[in-house]
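> Given chain B, put chain E in place with the hints provided.
Residue numbers (our numbering), protein chains in the order written: chain B, 1 to 96; chain E, 1001 to 1485.
Just so you know, these hints were derived from the structure itself, not from any lab.
Treat the hints loosely; a few may be bogus.
Selected chain B positions facing chain E (Cβ under 7 Å, derived; list incomplete) [as the list claims (entries may be wrong)]:
(1) Ile11
(2) Leu14
(3) Pro51
(4) Lys75
Backbone N, C-alpha and C fix where the C-beta goes; we use that ideal spot for every residue, glycine too.
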Amino acid sequence: MKITPELVEHIAHLARLELSGEEKVRMEAQLADILDYIGLLDELDTSDVPPTSHVMDVYNVFREDEVRPSLPVDKGLANAPEKAGTAFRVPRIIEG
Amino acid sequence: MDLYRLTIHDLHEELREGRVTSNQITESVFDRIAEVDGRVRAYLTLTKEAALEAAARSDERYRRGDFLGPLDGIPIALKDIFLTEGIRTTCASKVLENFIPPYDGTPVVRLKEAGAVITGKLNMDEFAMGSSNENSGFFPTHNPWNTQYVPGGSSGGSAASVAAGEAIGALGTDTGGSIRQPASHCGVVGMKPTYGRVSRYGIIAFASSLDQVGPLARTVTDCSILLRTIAGHDPADSTSAEVPVPDYPSLLDGKVEGMKVGLPEEYFSEGLDPEVERLVREAAHALERRGMKMVPVSLPSSRYAVATYYIIAPAEASSNLARYDGVRYGVRVPDAESLMEMYKRSRSRGFGAEVQRRIMLGTFALSAGYYDAYYGKAQKIRTLIRREMDEAFSKVDVLLAPTAPTAAFPIGEKMDDPLQMYMSDVYTIPVNIAGVAAISVPCGITPDGLPVGVQLISPPFGEEVLLNVAFAYEQERGTFPNCPL
Chain B
1 MKITPELVEH
11 IAHLARLELS
21 GEEKVRMEAQ
31 LADILDYIGL
41 LDELDTSDVP
51 PTSHVMDVYN
61 VFREDEVRPS
71 LPVDKGLANA
81 PEKAGTAFRV
91 PRIIEG
Chain E
1001 MDLYRLTIHD
1011 LHEELREGRV
1021 TSNQITESVF
1031 DRIAEVDGRV
1041 RAYLTLTKEA
1051 ALEAAARSDE
1061 RYRRGDFLGP
1071 LDGIPIALKD
1081 IFLTEGIRTT
1091 CASKVLENFI
1101 PPYDGTPVVR
1111 LKEAGAVITG
1121 KLNMDEFAMG
1131 SSNENSGFFP
1141 THNPWNTQYV
1151 PGGSSGGSAA
1161 SVAAGEAIGA
1171 LGTDTGGSIR
1181 QPASHCGVVG
1191 MKPTYGRVSR
1201 YGIIAFASSL
1211 DQVGPLARTV
1221 TDCSILLRTI
1231 AGHDPADSTS
1241 AEVPVPDYPS
1251 LLDGKVEGMK
1261 VGLPEEYFSE
1271 GLDPEVERLV
1281 REAAHALERR
1291 GMKMVPVSLP
1301 SSRYAVATYY
1311 IIAPAEASSN
1321 LARYDGVRYG
1331 VRVPDAESLM
1341 EMYKRSRSRG
1351 FGAEVQRRIM
1361 LGTFALSAGY
1371 YDAYYGKAQK
1381 IRTLIRREMD
1391 EAFSKVDVLL
1401 APTAPTAAFP
1411 IGEKMDDPLQ
1421 MYMSDVYTIP
1431 VNIAGVAAIS
1441 VPCGITPDGL
1451 PVGVQLISPP
1461 FGEEVLLNVA
1471 FAYEQERGTF
1481 PNCPL
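The shape of chain B in the complex, shown without the other chains:
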C-alpha cells in the first residue's frame, strides 16, 4: 500500500485533523510502516469466511417507549466551551 502526501491530506480532512508539514511527513512514514505490517493479512484467503462485527449475537434491544427523566439542560450545558441560553454556541455555519 503506497501512502502519498495527498492521501494523508485527504484522510486528515475526513478525520477533521489539521497536521503541520512536519507532522504530515512523520504520519506518512508511520502509516506506511503500520500498513506494511498489516499487509500480512493478505496471506490468508478469506473469501469463504463470514465477517464478525461483534463477538456476541447482538440484536436490537427494545424497551417500552415510556417517558423517563434525562439529563437536565443546565447539567448538559455545564461543560460547554461556549453557550447561548439553552443552546451550544458554535462559529458561523453558513458561509457568506
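Then chain E, alone, in the frame of chain B:
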C-alpha cells in the same frame, strides 16, 4: 502494621472484627500516596475529602453491624476513563482536561453501593491507547519495581497504584491487553472478563466491540470480590450480557485436579524473552503438580491478531472519538472563524500523537475504496480467530500463555517506534478479538528485579473456572513479594 499493604479480603476481616476502621485504612493509603506518588505518579486526581467521608459512613455501618459486603470501607482507585459525577475525568487527554461528568458510570455506581471508598482517578495512556503510560497527555507513570521502567499500559496507573500500596484495588479497562499487560509488568493480578460481563455505561469509549472493564488487585480472591461487585446486566448498556453472576469468591476452592490446560504453541515462539518463557513454563508445572493435565494446542491465526486489531480498534476509535469536536465539552480553540476550522484545530490541539495516529489509521481503514480490503478483511479474520479459540476450548478447560513477551521496558525505549510498542500486546490481543476472558497472575521476577505474569484464558463466561485455576496456581506459588519501593 502497614494497612495499605493488606488485601481486600484481610482488611474486611479486620473491619468486621473491629480491629481497624475504614478511616485508619484510608489514612494509611493516603499517607502512602504522599510518600511515594511523587516517584510513581499513578494518580491524576485525588479525592481525599470525599474518601474520608465515605470511610466515616462505612465505619458507622460496621459499628451498627450492617456493613454492605466485603468491599465496604476498602480504598479503591479508578482509571481516569470511568465517569465520576462531579469529579474531573480526563481519560489522560488534554481534550478533557477540565471535564466534570454529570453522572457516575455503572461500575462506579456498583462500587459505591458496595461501600467502597474511592481514592481518586488514575493515570493511563490517552484514551487508553498505548502499552506504557507514556502516551498520557499529562505525565508518564513509573513502575514501582524500578522507576526507570514503564508500568505498562494503558491501565498503568491502576497496576502501579495497587503494586505500590497507593490503593488496595483498582478498576481498569482492557481493549487489547490494557489490564493484563500492566498487571504483568507491576506484579499484580489483573483480569479481563468476558466481553459483556461488565457494563460499559459511563466508561469513555475506545473500541466498543473490544473494550471491557475489569479489576486489578493483589490476589485472585480480591479480583473475584471486585468482579462479583461490578459484573452483571445493565439496562443502560445493551451489550452487557443477561447472564447470571456467580458468587465468585465463595467458589474458589483450588480444586482443579483432572482439568486440562492448553499450551498454545504459537504463544511460545519467536519474540518471547527466554527468561519470561522459563517463568511461565514453571507456572504450568505448578498447575501440573495440582493435578492438571497439560495439552499442546495450536491457534495458527494468532499470528494475524495484532494486524487485525490495528484495523478494528482504530476504526472503532475513529468513530468514537468523532464526538470530541469542541461543541458540547472538551477543548475548543478560541479564535476559529468557521465550524470546520474549529473542529480541525481543536482536535489537533487536544489529541496527542498516538491518538491522532490511530484516528488516521481507522479513518483510512473505513474510507471509500479501502473499506473492503482493510476493515472487511479484518472482520473475517476475527471470525477465524474466534473459531480457533472455540475449537481449543472444546478440548481444554483453560489456556496458559505468557501475558507479555517481555518484562517491563525502560521509559523511552519504544516511543519512536509505534509498531514495536504494538507488539507488547501480541499475547493479549487475541483474547479481546475473540471476546473471551483472561487473567494475568504474577509468576516470578527476572534477574533484573522485574515481575512477570502468566496469562490464563477461559471460554466466554468461564470466569469462575478461570478464577479457580488462577487461585490454585496462586496457592501453589505462595505469597508474591511486594515491590521494593
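> Hint by hint, work out which the structure violates, then give me just those numbers in ascending order.
Going through the list in order, the structure violates no hint and respects every one.
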